[in-house]
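Chains as they are written, first to last, in the numbering used here: chain A, 1 to 677; chain B, 1001 to 1315.
Honestly, the hints are just simulated from the structure, not real lab data. Computed from a prediction, not measured in an experiment: that's the story for all the values here. Backbone N, C-alpha and C fix where the C-beta goes; we use that ideal spot for every residue, glycine too. Be careful, since some hints might not be right.
[Said to hold, decoys possible] Covered, in the sense of this in silico footprint (three residues per stretch, anywhere, with C-beta under 8 Å from a C-beta of chain A), are these stretches of chain B:
no.	region
1	1060-1069
2	1077-1083
3	1119-1133
4	1234-1240
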Amino acid sequence: MTIKYLFQISIGLYVIAGFSAVILSKWHKISNTASNILCMAASVFGIAASIDQLISAQGPVILWKINSSIPLMNFTMTVDNVSSFFILMLSILVFPVSLYSIGYLSHYYGKRNVGLFNTLYSVFILSMILVFTASNTIFFFIAWEIMSVVSYFLVVFESEVEENRRAGTLYIIMTHLGAALMLIGFMIMYSFTNSFALNSDSALIPEFYRNIIFLLLVIGFGTKAGVVPLHIWLPYAHPAAPSNVSALMSGIMIKTAVYGILRFIMIYLGVQNTWWGILILVIGISSALIGVVYAFVENNIKKLLAFSSIENIGIIFIGLGICFIAISTKNETVAALALLASLFHAFNHTIFKGSLFLGAGSIHFSTHTKDMDQLGGLIKKIPIAALFILGGSLSISALVPFNGFIGEWLILQSIFAGIQPGNAGINILFILTVTALALAGALAAGTFIKFFGITFLGLPRSSHASEAQPIPMVMNAASGMLVLLCLVIGIFPAPFIQLISHAAFEITGVSVAVNFKGSFLLTAFPLSVSGNVISPFSSLIIFLLSILAVLLIIRFIGGKYAEKKYGTWDCGFEGLNSRMQYTATGFSKPVKIVFRMLFRPSRDLKITGDDTYHPESMEYIMTTESIFEKYIYDPVLKFTERSSGVIRRKLQTGSIHLYLIYMFAAILAAMLYNRLF
Amino acid sequence: MAELFYVLLQIGIFVLISPLVSGVIKKVKAMTQKRKGAPVLQLYFDLTKLLKKQAVISDKASWIFKASPYVVFSTAIAASLLIPVTTFVVPGRFSGDIIMLVYLLALGRFFMTLSGLDTGSTFGGMGSSREVMISSLMEPSILVSVFTMGLIAKSTSVYDIMEMMQSGNVSLTHPVFIMIFLALLIITLAETSRIPVDDPATHLELTMVHEAMILEYSGRHLALMELGASIKQLVFITLIVNIFLPHDQLITYTGAMGIILSIAIYILKVVGFSVLMALAEVSTVKFRLFSVPNLAALSFMLSFLGFLQYFVFGR
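Next comes chain B alone, as it looks inside the complex (with noise of 0.2 Å):
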């Protein structure tokens, strides 16, 4: 019964407050710039529009085109699975760790790249091969900094990583925390298609790569591309957040007010993370497509200096 709970939990809020994340990057970005901007419901509310639209679909897409929104989502909803939103109701562990994670992510990844193929549009091939380059040379990167995690808390669980954050054994300031962060971060924003990376508000064919490949999508594949790239969002910033800031250890209160506690507190760490990444975002300019894998070896640099530091050059 736990574990079902556990899994209801997880899921209702990474399917209920991802759009709340989006919303609040495009607000805050709006107010940087001096405009109004959209409501922070926006995203909720386009959702439930497009899940109410007829959908269009090419006549020279197959199976694949219609399968991969949900494919897309439903690996999102997996990944959402491995990092607990908070260690209290924890039953046990979810089976699966944070090289599961990576991969489950990739799943959704390929099939949306094939999505792109399937139309056979022009805009949609060039999304997919970019995709295909900018991942690719990020993957090192984020396998070495979850590895490095991984090692210190000597487990690749999420849920023992964050325990051994919690634990108050280890400094949260200690160098190699500050680089796998900043690895992280990059990351982040790479894998959510965000400047420097990606731009996510125009449909310029020079800059897309993300809404090239989604741009053949409407009505109710479209939701579900949106909300399932969301979800993959909100997995980067609670992977974030949950490990370098942990919270559940401040809380005394067991049982139901400790877990609604310990949500509370997760709701604002991520509202709170969002408000920087949509200031990173503001404060940088897109780079060109080739100074991408820059980018990359930054925050493989990153991770790998806080391996160095962690396992070659002592504690």
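Looking at chain A on its own, in the form it has when it is part of the complex (with noise of 0.2 Å):
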């Protein structure tokens, strides 16, 4: 019964904040203040609830209920581990988020309509909590639709510039195309089940509609995933936002996606043909390795992120295609291993990139610039932020002992026991999955040292970065707590592995086995998987003990410490300058020549003045083009355009009394569908 409670004050709590923001909207501080407090204390409400419900073994809270006279309209709000799972993770980001926004949203007092922003912030958390716990399609579709709405507001909130508001616009073109195939599928359910509920008999759907609705409904929440080839607003919506709205986007409300499929494909559908799983796992290839090679070549520090977050749903959606490959091949142990790996990374990825982008978001706010090539030796203006951000990269890396890593462990296990002697073809598909995974992390390092490298370190490249502002310190904390989150479960994954299984096992059925056990030292804190065992504690132990054990033997021949400072080597010209130093353009060069098809690079050089060897001025333009716009959109987009333009010319001529045929056309040809079926 307390869970029940402790949700709804929660609720409520998100309630009042939105409201007080309005109400106190004439004193900036304040305003902001108060209500990121009350969200903050909402989601402490909201991460007690939700770990109680985890480890509670009791069954479904129903929070809200509403009775309408409408017929197939009644609303209820319903809270089991999925969803529980999916409100903790948005409970752990809010906080940091809300904490941030404190110092964040201060350069907004005076400017902006600033409680107008934080209500409409409370209302996104909100929905998203709808999303989560609605129980029939119609109350889901709702909740998805003010997300949609809300966060288009969020991300064009900044609409004087002109990028935004295209930005702002493609977004909401690209979500509702995907809204639209979602309600065709529910409208399909409906039509067999004759229920809007999501507990109604889905075996009453024939074969043949099942696989319809399942491609609906991967296209709708594929598109809000930002899934390749659906992903194109992504790039540009998640930059546009605010810092801390596109931290939630980012962190969670891509994963809302994720929480579709599982409650409308796993769980209701229930996953049959093996295709499905191939499709899924195929996606979640394309999309890791494409968003990855991306974000490589990108010099823009939100876009970095952006696309870095399509490479890790595309991870996600790996660990559920080998999940549903498993289940229809009734191999149910891989099948709860893989879900538990790919809801982990789903966790870590909120973690982590939630601080990344608040992180981002602290580089703007200090240098006031996004471009990777206006900054450098950041890390000197603003050491606490730097040390965050690298925590935060080292973590999205996959390197020990973050948690990011224990995901990737997890899902190379479950493709580990998912390769059994027999199956040919879902064995090849596994180690072409084994493949990308190690491009997609190695790439994913390399991407994240140019961002951590060209930003913070070398010398600055502009006077953005030499005349960096000092960061807030609330806005440090807020980061910083998301870095230690990181770390604290890099370093012991076994708890809250055992937490996240409790959703996975609502699913599949299957409890996968994570022991505790072990000595000291060598055993440590272990996690293992089908008898394989990793301890990164021990590791950690072991490195720490290992660099003290240099720094003394080190010592003991070499004697006392002794430094010179000295210039960096200049080649031998007058003193280093930032212009010697590699570009984040010079830096992704060699991988922007090696993928050169996904990109297709054109250079332009430019040399003024008639000597070869002492040119007056030289212009070199790299310039690259996006293959997905190209060759994807824009050609349907040209269609649209031409087809539309003839059906006005043609069939539009404003003339009322064609309008008045056209109309009496229809109302015939209803009667006559009608009569005749």
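Put the two chains together into one complex; each comes in its own frame, and the hints tell you how they fit.
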């Protein structure tokens, strides 16, 4: 019973936060602080409630029920373990993001309607809670639409920038295309089951329509998740939004799609065909690879993070795909393991991507630019933010001892368990998945070497970087707590995995044994999956001990440490300047050349002056093109434009008589249809 | 107690033997070129000398520059614990598997590439950028190779893989092992910055990768970077010789005598393999940077064919 009240208090506090922001909106600072503190309090209740629900073995909790007189319109909010897991991710992210907003939004004071922003922010969070708890398709769809529209308003909050408006438009169009397909899927479901409730009997739907619903829902949810090739809105919309909203969008909003796939396809429809899993796996592989390659060559810090989100959602889809395939080939243990790995990676991604987006926001706050080629040397100006972004980067690059590694390890272990003699096609697909994960992982590490190295190290490349402003303490604290959580999960993964396995258990019904046992040093806090053991804790201990030992040995052999400061080798020119270092563009050039089929880079070199060896000026322009936009979306757009032009000229002539004829014909057609069929 | 002994033995062997490997390779290369060459123990002298020297640090560098050598060194140490030099002293298993090994080494590489960017030097950025490309392209083949070996042994632990190869249940000349061996050989050449991917003996800007990243280092930091790199090299060599040339099944002694004999044979194998690596190095030329993807593709195809051979076409 207490769980129910905790959830209700949490939701109530979000509502109050939304209202208080509007009521106090005259006083920007007070309104901002009050509503964000309320959101933080709400998230604490959310965390407590969802952990409570996951641990307690009880069934779904009904939070709220409206029985209306309209048939089929009974709205219920239900929380089961799957919902609680997603609410837990949301709440864990909302706490630091709200803390961050207290400092971050200070640059809007007196310039923009901060109250309105915070109201939208609270409604955005509430809409996601509704998405996670809705128990019939209509209610789900309404919540989904609120989420899309409110996030659109947040994306275009700085609407005077042309780029942001374009990003918002692209986002709202793409998300509605997805939503429309989803709605068709829901309608097909209803036409067979005569019920919108999610516990209705999906066995009534014939096989053929089940496949259609699957495809419609995958495209619908895939658009929100930003999987390739439906991703084109994501790298524009996430950077356009203010950074606290980007953190929420990238951290949790794109995972509503994962929730949708779990809720509607895995739990409701049930997985029957192997090709479903193969499709999801292939989508995941292509998103992971294409996302990371585009992230690598990107120079805008927030766009880079957005592309990296595409990569990570790809990895989550890879886990889901393996799970689907394992279910359809009746391999329950592998299915449970893969789902657990996928959910765990989703959980991790929420945390580290949240912290990185907050960090990117801090960089923008401090330097007023998002272009890496303008930055450099920031580690000396904003050392604390640098430390936390380094932590986030290590985590997202799946390096020991951070949580990203554990997620990657679990996914690899589930593939390992999934490769069994016999099924040749699946085995080849699985080993190619390993290949994709390896390439994506290595390139992701490269991406974040570039992100951290170019932004924070070396010499400042412009006055933006050399005149960086200090960052408010609350902002650093917010990203710091997320990084700390990454580290804690990375070192002691077992309790977190057990928590998440409650959610996975509800779906697959198979529990995966995750053991704690072991003695000091060698096998402390191990994580073991089907006999394979790792212990990040032991590695960390070894790591620290060997640093200590080497310090002592060096002291013993080499004596006291002495150092001399001297300039970097400048090749004999007079003094090093920032133009001698590698730029972000230069850094990613080798990878750009290797994967040139994805970019089609073209270069343009202009030299003025007649002397080849002493030119007056040189201009070098390198352009790349996005093949998805050019070869998929542009032709579709052009076709639509052309055909709508034809329709406008031929059908919509503006003559009222013609319109009356259309109406008459439509009524006649409807009557005939009813008569004949 | 046995665990502590195991840890100390592993670390001791790796730290003490790894400079020898570099020395042997250099000596063999010199001999093939009819030079006398530096003494085999030259790297030991260099390291002790470097430790005593004052460190010159760039005034543009941050704490990352000073921290990186320690991270590179200790990740190499942590990685070395995951590959037993002998199966005689392993008390249980060290808690880490072959996947963790790959990601531990990646941590060291992460910091090494960052340190290349830290000083604002032209060369550092160049080295880092190239290293990222090469290592990214090599990664799939590493993971597929170790995955295939793991799948055959039904475990991702290196110890289990070694036991499987020693057990006599598998034929050591099975095509899958030959292909994975060749794939790992190419990986080892690439990961340890050897010809045909990189040239450890040159500081020419057109060719250097690893040397470019550590160009600004001096004193004890340089010593740690060099030692870390040679431990990493020994990690790969140990992985290959202990998996593809198992020897512990031949030893009938138990106890201390068995351990000593096993380690002696291990050192012989490592030296033998170093000679092989040196010969491989002198018999090829350095590739153009953008030919390295072809090498990576070759290595990947070998490991992938190995997988197909065993799991798809049947054994």
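Hints, one by one, checked against the model:
no.	hint	in the structure
1	1060-1069	holds (count 5)
2	1077-1083	holds (count 3)
3	1119-1133	holds (count 13)
4	1234-1240	violated (count 0)
In summary, the one numbered hint that this structure violates is 4.
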